[in-house]
Amino acid sequence: MTNQINWEFPQALEDEAIYILRETVAQFEKPVLLFSGGKDSITLVRLAQKAFYPGKIPFALLHVDTGHNFPETIAFRDWLVNSLGLDIIVRNVQDSIDQGKVQEETGKYASRNALQTVTLLDAIEEGKFDACIGGARRDEEKARAKERIFSVRDEFGQWNAKMQRPELFDILNGKINIGENVRVFPISNWTELDVWNYIVREKLEIPSIYFSHEREIIERDGLYWPYSPYLNTTADEVPYRQKVRFRTVGDMTCTAAVISEADKLEDIISEIMEAKISERGARIDDKRSEAAMEKRKQAGYF
Amino acid sequence: MEVLRIATSGSVDDGKSTLIGRLLYDTNSIPQDKMEALHAASKRKGLDFTDLSLLTDGLVAEREQGITIDVAHIYFSTPTRKYIIADTPGHIEYTRNMVTGASNAQVSLILIDARRGIVEQTHRHFFIANLLRIPYLVVCVNKMDLVEYSEARFNQIVEDFQQMLDNAGFKGQEVKFIPISSLYGENVASRTGAIDWYQGATLLEYLEEVSFDHEDRLHPSRFPIQSVIRPRTTEYHDFRGFAGKVASGHFSVGDEVISLPSGQKSRIKTIEQFEKQLTVAHARESVVITLEDEIDSSRGNMLVKTDEVPVQLKEVSANICWMDQQKLVSGKTYLLQHGVNRVKAKVQQIHYVTDVTNHLQNTEKTEMGLNDIGKISLKTAAPVFADAYQANPANGAFILIDEFNNTTVAVGFIE
Ligand SMILES: Nc1nc2c(ncn2[C@@H]2O[C@H](COP(=O)(O)OP(=O)(O)OP(=O)(O)O)[C@@H](O)[C@H]2O)c(=O)[nH]1
Ligand SMILES: [Mg+2]
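Chains U and E, in that order, give the protein sequences. The first sequence begins at 1 in the working numbering and counts up by one. The second sequence begins at 1001 in the working numbering and counts up by one.
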């Protein structure tokens, strides 16, 4: 991390991402964009808009709603879908729980993060989606650093890290066997900072929780957790109000806040450049074990 | 901001991952929480130092064995440029992953263990870097701490490598030799003072100065069509645009173009990048091109300039690197994907398999196995509009796909 701010977004990254999105639509019968409401999936929507302009975005968005989202994220999702005239499919983790396919976790670390994989895989099967476009970036996490652009998953959504297809130059092989599907990562080569610089350049709207705001938080394990009805707290965890923002948007039960006064994009970027902690350092779900992400990916997690 | 793409190469344990870890560490590019995770993982492995190779060796199987299995992509930036580094495996079994990482690189870092010198994998990776025509090679003579930072040892390795270059290098290739210690950071991002006889650039200094050649902009202009955009809305009722990424050269509004394979001619009416109208599009830019006339073109076709028409090949002769467990079978039909165009292709002949160490061509072989490199000829069901890889890399490579299990089994470089 250098202290000198470089505001310029590397244009090569956008050209690459648009090329990947066009390949996806050309090579697959029914792609879908996995939309979380976070900055990376908002970036993907922008790229899709550009890739097919002046045509419409030729695929729907799929949102797996855990029921534990920040209300601001859901409000933003609905606004974006409306203002761009997008198609969206929403599937609820609550339904998978009600169907008895997954069980709610208990205890103070309970979250629905792992549960959403089942809802996602069901939605993929039901929608017959052969390609799921996602906003994962290789700089986020060490298992993600190993992922291909077109990443083949078996019938159970599993990623076989040791047997990935070679991927040469920009030649993308999207041919798959029956039952398999592909996860497509157009912004693989972007860093967190690239995404922010892109948001600035493109003047994109983002959910309000990325900006500094006051909210109730509790402290646990040295992290600031957003207080919500979904968080199981102990008696000594007393919520108090604090000015915070979120660097990444996941569930309210697995995303930690950072104390921040940054209420403009420029300030957010400066803050990130000076940050000593990585983006996923605020993801409680990654802290479960050394190989938490790799294990989740093997199980079909996004 | 410019993006520089780098890939590591060299034999198992020569220190590739450690070097990349070190480069990020010394440029303060590793966040505190990731650093803590590295300390903890090193401790769990019973090490009394922080093993920086764990930064890229992120898979459980890699950490257990202490080797790299698949490419890791890792990023850092300086005020001048953004770096994308592919840390590739040295083990011969995973050569296909090494090729994956190297295929997009402008700079190849070839590591050599100063104690062992040039070994078979050095030859192989050098050979692959040459096949790919990677313009910049940095030969990092690593683990200098284990040879007492000996200048004589370094010079010996440089001399040996020079011999390889004389035999197999290509014109325009730039080669730089740097004595380093990844473990102690000597000549990686800074000098530790351990070596006083080398006054040249550190690795980072070198990378910061590598000049960008936009040579692909000077190559013949090629525009492979990815898809046709036809909105059919009231506003854009008659809009018909060809979406694609310029593979090489450049296209300007008004240029006369030919669509292949139909041979129909037209002129470029507009070049569009979302709501922006451009006058010219250069290599690697994703755009939409509209033409003056209604001509019949679709995915897999190619727009070229009328004075730079490529030959249309139905017989392809190419160097290939075989990347599958199942052997290449002469007479078998595969799918050949050249850019975004796919055609059936039948293997006519295996001309030879190359012994990468001695640069000998074994013409006796009738099959090619995993990691073999050799020359074959193919007959395609429809013409491909390719250039020789040496003349125009962006339009000279292809992959072969096995039609039965859909996997990518080879990469080819057209002669
Ligand atoms: N003494 C010394 N040891 C080094 C140096 N560089 C790497 N090593 C050690 O060499 C071993 C192998 O290093 P890696 O970085 O994993 O090697 P690699 O080239 O990435 O290996 P593969 O990816 O499996 O091909 C480790 O034990 C390192 O600590 C060095 O400069 N000096
Ligand atoms: Mg390694």
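Source of the hints: derived by calculation from the structure; they are not laboratory data. Among the hints, erroneous ones may be present.
Example chain U residues on the side facing chain E (calculated, C-beta under 8 Å, incomplete) [claimed, not checked]:
1) Ile-18
2) Lys-142
3) Lys-146
4) Ile-176
Now the in silico label distances, taken between C-beta atoms and shown as ranges [unchecked claim]:
5) E:Ser-1298 / U:Asp-87: 42 to 52 Å
6) E:Asp-1048 / U:Ala-291: 50 to 60 Å
7) E:Ser-1211 / U:Pro-229: 34 to 44 Å
8) U:Thr-234 / E:Val-1119: 26 to 36 Å
9) E:Ser-1252 / U:Glu-274: 37 to 47 Å
10) E:Ser-1298 / U:Pro-229: 46 to 56 Å
11) E:Val-1280 / U:Asp-87: 42 to 52 Å
12) U:Ala-291 / E:Ala-1152: 23 to 33 Å
13) U:Lys-56 / E:Val-1253: 19 to 29 Å
14) E:Arg-1044 / U:Thr-234: 25 to 35 Å
15) U:Gln-103 / E:Thr-1366: 56 to 66 Å
16) U:Ile-277 / E:Glu-1064: 58 to 68 Å
17) U:Glu-237 / E:Ala-1040: 41 to 51 Å
18) E:Asp-1293 / U:Lys-295: 51 to 61 Å
What the simulated footprint calls covered on chain U by chain E, stretch by stretch (three residues with Cβ under 8 Å from a Cβ of chain E suffice, anywhere in the stretch; the number is not a length) [claimed, not checked]:
19) 52–64
20) 156–169
Just so we're clear, the structure is a prediction, and the values are computed from it rather than from any experiment. Glycine included, every Cβ here is placed at the ideal spot set by N, Cα and C.
We went through each hint and held it up to the structure:
1. The interface hint given for Ile-18 of chain U is met, as the beta carbon of that residue sits about 4 Å from the closest beta carbon of chain E, less than 8 Å.
2. The beta carbon of Lys-142 of chain U comes within 3 Å of a beta carbon in chain E, closer than 8 Å, and the hint placing it at the interface holds.
3. Checking Lys-146 of chain U against chain E: minimum C-beta separation of about 5 Å stays under 8 Å; hint holds.
4. At its closest, the beta carbon of Ile-176 of chain U sits 6 Å from a beta carbon of chain E; the interface hint therefore holds under the 8 Å criterion.
5. Look at Ser-1298 of chain E against Asp-87 of chain U: about 25 Å separates their beta carbons, and that is not inside 42 to 52 Å.
6. Judged by the Cβ atoms, the range 50 to 60 Å given for Asp-1048 of chain E and Ala-291 of chain U is violated: they are separated by roughly 23 Å.
7. In this structure the hint that Ser-1211 of chain E and Pro-229 of chain U lie 34 to 44 Å apart at CB is violated, the actual value being about 59 Å.
8. Between Thr-234 of chain U and Val-1119 of chain E the Cβ separation comes to about 58 Å, which falls outside the hinted range of 26 to 36 Å.
9. A beta carbon spacing of about 43 Å between Ser-1252 of chain E and Glu-274 of chain U agrees with the range 37 to 47 Å that was offered as a hint.
10. One distance hint, 46 to 56 Å for the beta-carbon pair Ser-1298 of chain E and Pro-229 of chain U, holds here, with the actual separation near 54 Å.
11. In this structure the hint that Val-1280 of chain E and Asp-87 of chain U lie 42 to 52 Å apart at CB is violated, the actual value being about 36 Å.
12. In this structure the hint that Ala-291 of chain U and Ala-1152 of chain E lie 23 to 33 Å apart at CB is violated, the actual value being about 45 Å.
13. A hinted range of 19 to 29 Å for the beta carbons of Lys-56 of chain U and Val-1253 of chain E is consistent with their spacing of about 26 Å.
14. A C-beta distance of roughly 29 Å is found between Arg-1044 of chain E and Thr-234 of chain U, which places it inside the suggested range of 25 to 35 Å.
15. Taking the beta carbon of each, Gln-103 of chain U and Thr-1366 of chain E are about 58 Å apart, inside 56 to 66 Å as hinted.
16. A C-beta distance of roughly 28 Å is found between Ile-277 of chain U and Glu-1064 of chain E, which places it outside the suggested range of 58 to 68 Å.
17. The hinted range of 41 to 51 Å is not satisfied by Glu-237 of chain U and Ala-1040 of chain E, whose Cβ atoms lie roughly 26 Å apart.
18. For Asp-1293 of chain E and Lys-295 of chain U, the hinted distance range of 51 to 61 Å is satisfied, since their beta carbons lie about 56 Å from each other.
19. Counting residues of the segment 52–64 of chain U whose CB lies closer than 8 Å to any CB of chain E gives 5, which reaches the minimum of 3, so the coverage claim holds.
20. Requiring three or more residues with a Cβ within less than 8 Å of a Cβ of chain E, the coverage given for the segment 156–169 of chain U holds, as 8 such residues are present.
The earlier numbered hints that this structure contradicts are 5, 6, 7, 8, 11, 12, 16, 17.
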